Structure formats: structure tokens, C-alpha cells
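Student: The lines below spell out each chain.
There are 2 protein chains.
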Amino acid sequence: MRIGDKHYESIWLDRDDEKAVKIIDQRKLPFDFSIVTLRTVEDVYSAIRNMTLRGAPLIGAAAAYGMYLACLEITTYTKTREHLRNAAKYLLSSRPTAVNLEWAIDKQMSVLAAYCRRDRLVEASEKTAEDIAEQEKQNCKKIGKHGLGIIEEISRQKNGEPVNILTHCNAGWLACIDYGTATAPVYLAHDKGIKVHVWVDETRPRNQGARLTAWELGNHGVPHTLVADNTGGYLMQKGDVDIVITGSDRTSANGDVANKSGTYLKALAAKDNNIPFYVALPTSTIDMNISNGVKEIPVEARDGKEVTHVEGLLNNKDIVSIRVCPEKTGAINYAFDITPAYLVSGLITEKGICRAEEKEIEKLFSEKKN
Amino acid sequence: MRIGDKHYESIWLDRDDEKAVKIIDQRKLPFDFSIVTLRTVEDVYSAIRNMTLRGAPLIGAAAAYGMYLACLEITTYTKTREHLRNAAKYLLSSRPTAVNLEWAIDKQMSVLAAYCRRDRLVEASEKTAEDIAEQEKQNCKKIGKHGLGIIEEISRQKNGEPVNILTHCNAGWLACIDYGTATAPVYLAHDKGIKVHVWVDETRPRNQGARLTAWELGNHGVPHTLVADNTGGYLMQKGDVDIVITGSDRTSANGDVANKSGTYLKALAAKDNNIPFYVALPTSTIDMNISNGVKEIPVEARDGKEVTHVEGLLNNKDIVSIRVCPEKTGAINYAFDITPAYLVSGLITEKGICRAEEKEIEKLFSEKKN
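As you go down the protein sequences, you meet chains A and B in turn. In terms of this note's numbering, the first sequence opens at residue 1 and continues consecutively. In terms of this note's numbering, the second sequence opens at residue 1 and continues consecutively.
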């Protein structure tokens, strides 16, 4: 999407340097826009782990590029299979909740199983990574087109008054390759001239809403307002929210949705106020091996310091971290929660919109079933 | 309650200086513990408005002391009735949601209507303010005793394992005169040797949980853990919350509860997970003139800067405010939401526990009915 006059994607291979994978450093946004170069498997692992990059589709693409970098690391002395298996295992350990990580690495491993020579492995892994990134991008665009219909319908019902969309965390183009998942319908609606306005949950503790979604929407010119995570319920009570759209890090076969902590609370409020709650996701985030998301999806516990401290800009100048509680206060930091399927109005996927229930999901994604 | 070895209350008259009302500066906690002196009606207005003091019961007591200071301002040239009416109106405008403000000022005005002489007005208003503060303190203690029974019962069911209590915002002794409302049962349980553990919602945007509740509990030695406001839903899904107890700024005749923004979301999650959700409140926060809280209770919109910026401690040294979003991002900041009565398991009041429904409330508080 647009940053000023330029079009960006969230990950790309440097054309002047085949060993370089480029990403936008999401930890510094919105205060600094800087590009980071990943040259090793270790670089990719760290970038995922420390959230230089984040977002389920982007994590998957980055892991695929990580396997490409692993192939580049092969020398005549490398035990190739062991090396690739180790790289895969290492990358897989970077974050537990996003299923795309597993999906992208599995895809690379099954492609690479057919080759032995370094040049072929490099070529094949590069193509697979590029394919995955391109596929995710096209999927997001399709998600956008399917979701656009829902926004258009609400716009019609409101006689062209702005459609108020609430979103949580960042399921924007930064989290994907382009367009985003939850934001794709919004960008497409806005570009088509439909009036939209986005309520942006700040999304503590890491503030991906305040830092990334607000930045994305601002750069693309989409009207939006930042709110504390606590505010969405009252906005819904007031009638100021027409639809909620979020992303998903992993969706189980029965339609339970793992997404950024706090999503579940907004889904409950949407239900209580008869507001449609949609989840936008590429099918790569569906995990058909998990039949009960609430019970089975692993939820990452991150460093409590993300809760006791907040990062931001001091005096419009320096990025600093400040403590917001007493020095000795301990904190727990679960990064995700699970929104049970019965709170989800529908899943917006690249293949169409379906209800969040086992048979519907199975029908739409039958080719993903083991 | 305890700060180190010393017992404090949140507001008091300085015994060495009859014109001085003393409060703890809640804007600086937990980083600085400093006492502020209020000498004029203007001082009280500003302290309520800028939240040097906050919390429904404390706001009521402070407004009562404000009327005492108004009486001290009377000179031979003062048009006494006009002066008192103006002071009352001015104080009343400081914050719109807390009903105690109105209640305390009305009480002072009806007492003061019987007097004309300055010395009598001063004496009567001082006594009324002291009575209100003492009454709120005793009410909190009684709330604690009634709520204690609920915690003891859960403790028995868990065979003495720690009772996990989630609370939102600060309904602690800082918000009241002593004990607190939501925290009163917790302090009493802890002091009685019952194992408790409190999940403290940080309560963005002003972080009263992270800054005040964590500080209070820490000083009193009650085990607690800070969480982002988004986390409570997942904690409940995991079975890590036994009971939710919050305070209330205003409760309508039908049992709808206005409290800090985000309370409603926790109530929804508690309901969805079959966890009891209690509201602890003195009857002074019940507004029998409002029959439908969701529709009628006024909700204050505060400065958006509280959302775009966060205050905290830099390098363990300086209290600073940092921006957490792009420079041009706008924000909306509703300070409260309304938890509908059907989500409330019960109201814990100084007169006992009752269901959040019109007839029960009317029965328990019949003397409050106009």
C-alpha cells in the first residue's frame, strides 16, 4: 500500500543482492521508517521472535524466505538434510501461535525434498518463498473483494453515511505482504469512494493498533480514530460501530479464532449489541488438525515487561520505554485469546465468506483436509 | 490502609491548619508520594477535574469539603446564598458521571439552608464533610465484611487455594476514604489470612490499575499480578479467575452500572465463562432518578491526549509523557461504559448484597427513593 507516493510491500528480495531479504522494521514504526536486511536463518528467527516483523501471513512468508537463506548457507561440507531440518525446527520455534509458520516451512520442506544440489535447492526455495509471498498477497486482495461486499451493503443501508469499522491489533498490509486481511476490505472500499471510518484499538501491550494500524491508515488516507482497548464496548452500546473485522493467527477446524489478546472481548460486545463480527483470514491460517480451538490452540506468553513498560516517542524525538506501574509489580502477558466460533458472524477468506462452523469450513477448504 | 508502617486515608483536614484539606496526589503515584493542600473551592474543582483525586466516594467527600472551603470564603460583603449556590454549581461541573458529587453537594446545601451566620455555616459544613467522609469509610468497611463472605466461600470450595479476583481500574482505598469498595473484601480476606491473588487490569488510558491498585495492593502486601486490559478474557477462558469485583461511579435504579471504560467487557467475559461478577458500591452511588442506566447515565469524554500519550517513569527517575501513535492520529476517550444489570451477579453494598434488579434495589435502599 501507499507510504507517501511510493508503493511498499512488507517483505521483498533485494534485486541487487540475492542474499538479502528486506523487511520494514515494525518495532520502530510509526516513529522511524527503516528497512532491515536479513541475511541468515538466525536473522529471520530473531526478526520473528523479537517482532521486527509480525502478523500471521508475513511470518509465514518470512519463514519461507528463511528456508531460502538456509539453502544459501549450504557449502560442500554441509550435511544438507540435517542442515535443512535444523533450520526448519529453529524457525518453527520462533513463535508458537501463528500456524502459517508451520505451514510455510512444511511447504518448503516438501518442495526441497525433491532436490540435492545446492543450486537447485536455492532456486527451488527462492521460487517457493516468492510464490508464498505472491499467493498471500493475492489472497489478501481476494479477501478484500469478498469483504468489500459486506461494507458496501452496510453503506447502502446507511444511505452513504460513513461505515464505522472497529478493528483490533494490526491485521493490515504490514502483517501480510500487501492489502492486509482485516484492512483489505477497508482499503478497497476507501479506494472505491465508499465512506468508511475505522475505530483503531490501541492493542496493549505492544500497541500494534496505535503504532501500526493508525500509521497504515493515515498513510493511505483512510479516516480513523484511535481508542483505548477498553472503549469498544461503549462505542457499540452507543451505536457507533457498524461492523467489527479482525484478523486471525490460527483458526481451528470448528471455527474458533486465535487472535491478538482482546479480540474475544470485542466479539462478546459485538454479539451483545447485534453487531456483525467478521474475521478476515487466508486459508493458510486454518489449522484442520485442531478440532477445538478454545481448548487446543497454544497461546504464547510473552515477557511481562511488555505490560509493565510502554514504548513511545519522547519530545517528538527519542523512542523510549517507560514504566507504568510500581517497580516491583509483576505481570503476565498472554499474547492471544480464543474467540469461540459462536461469536463469529463469518470468516472472510480468499475463497469466499463462510460461517464459522465445521461443515462450512470443511466444504470451503476441503483440499486442506488431511 | 498501610503505606509502609503508617496508616493513611485519602482525604483529611489538617489539624494544625483548619483551612487546609489534605489529599494524596494520585497523578504522581506510584512514582512519587506527595500530599497536596486544598485551600479554595477552585483548588477542589481543579483537583477533581484534573484527577489529582478520583474515585466516586472520594469525589463526593472532596466536594463536601469544597463546600466547607466555600463557607470559609464568606466575608461580611458576601451574598451568602448566591456564593454557596455558585460554589455548588461550580463543583458539580467538575466531573459529570460520578453521582456522589451531586449527592454530597445536595447534602451540604440542605444542611446549610438552616444557617445564616458565617461561623455556623463553617461549623455545619465542616461537620457535614467530616460525617460524609466517616460515613463513606464505615460503608467501605461494611462492604468489605459483606464481600468477605463471598471470598471465604470460594476459598472453601478451593480448599484454601488462592482465590483469584480480577478487578478493573482502582476501586481501592485511594478512590474512597479507606478500605476501598471493590478492594475492601480483598483487604479483609487477606488480613484474615485467606489466600487471595488479584489480577489487576492496567486500565488504559490513565492506568489507574497499574499505577494505583498495584501500588495499594503492594503496600498492603496482597499478592497480585498486572495484566493488560485485553488479557482478562483469556484468563477467564483458562479458568484462572474465580470472581470479578469492580466499583461503580453510578448505578441506576434498574441495576445498570456505570464504571470505568472496559468494565462492561469484563462483565461479558465473566458471563460467558460462568464466573461471578460483583459490583461493590456504597448506596451513595445509586441514582434512583435514573431508571435505565444504559440509556441515561451521562458518560464523560475526556481529552484524547490520554489515549495518544502514556505517562510513566523514565530511567527510574523522571515522570514523562510519551506518544504511542503517529503525530496526527486523533483519539476519542470515553471514560466510562455501562454494564447492563443482567451481567451483574450482585451488588455488594454497606447494607448487604442484593441482586441488580429494580425491586431488590428498591427494597434494600427504600430510604433513598424520592
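A portion of the hints provided could be inaccurate.
Identical copies go unnamed one by one, so any copy, or any two together, can satisfy a pair.
With a cut-off of at most 30 Å between alpha-carbon atoms, the simulated DSSO-like pairs for lysine-lysine come out as follows [as the list claims (entries may be wrong)]:
| id | residue 1 | residue 2 |
| --- | --- | --- |
| 1 | 328 | 137 |
| 2 | 317 | 328 |
| 3 | 195 | 328 |
| 4 | 22 | 295 |
| 5 | 271 | 351 |
| 6 | 295 | 238 |
| 7 | 363 | 158 |
| 8 | 28 | 317 |
| 9 | 89 | 195 |
Everything labelled a hint here was simulated from the structure, so no lab data went into it. Note that the coordinates shown come from a computational prediction; the quantities given were computed from them, not determined experimentally.
Student: Any hints from earlier that this structure breaks? Give me their numbers in increasing order, please.
Tutor: When the structure is compared with the hints, numbers 4, 7 and 9 turn out to be violated.
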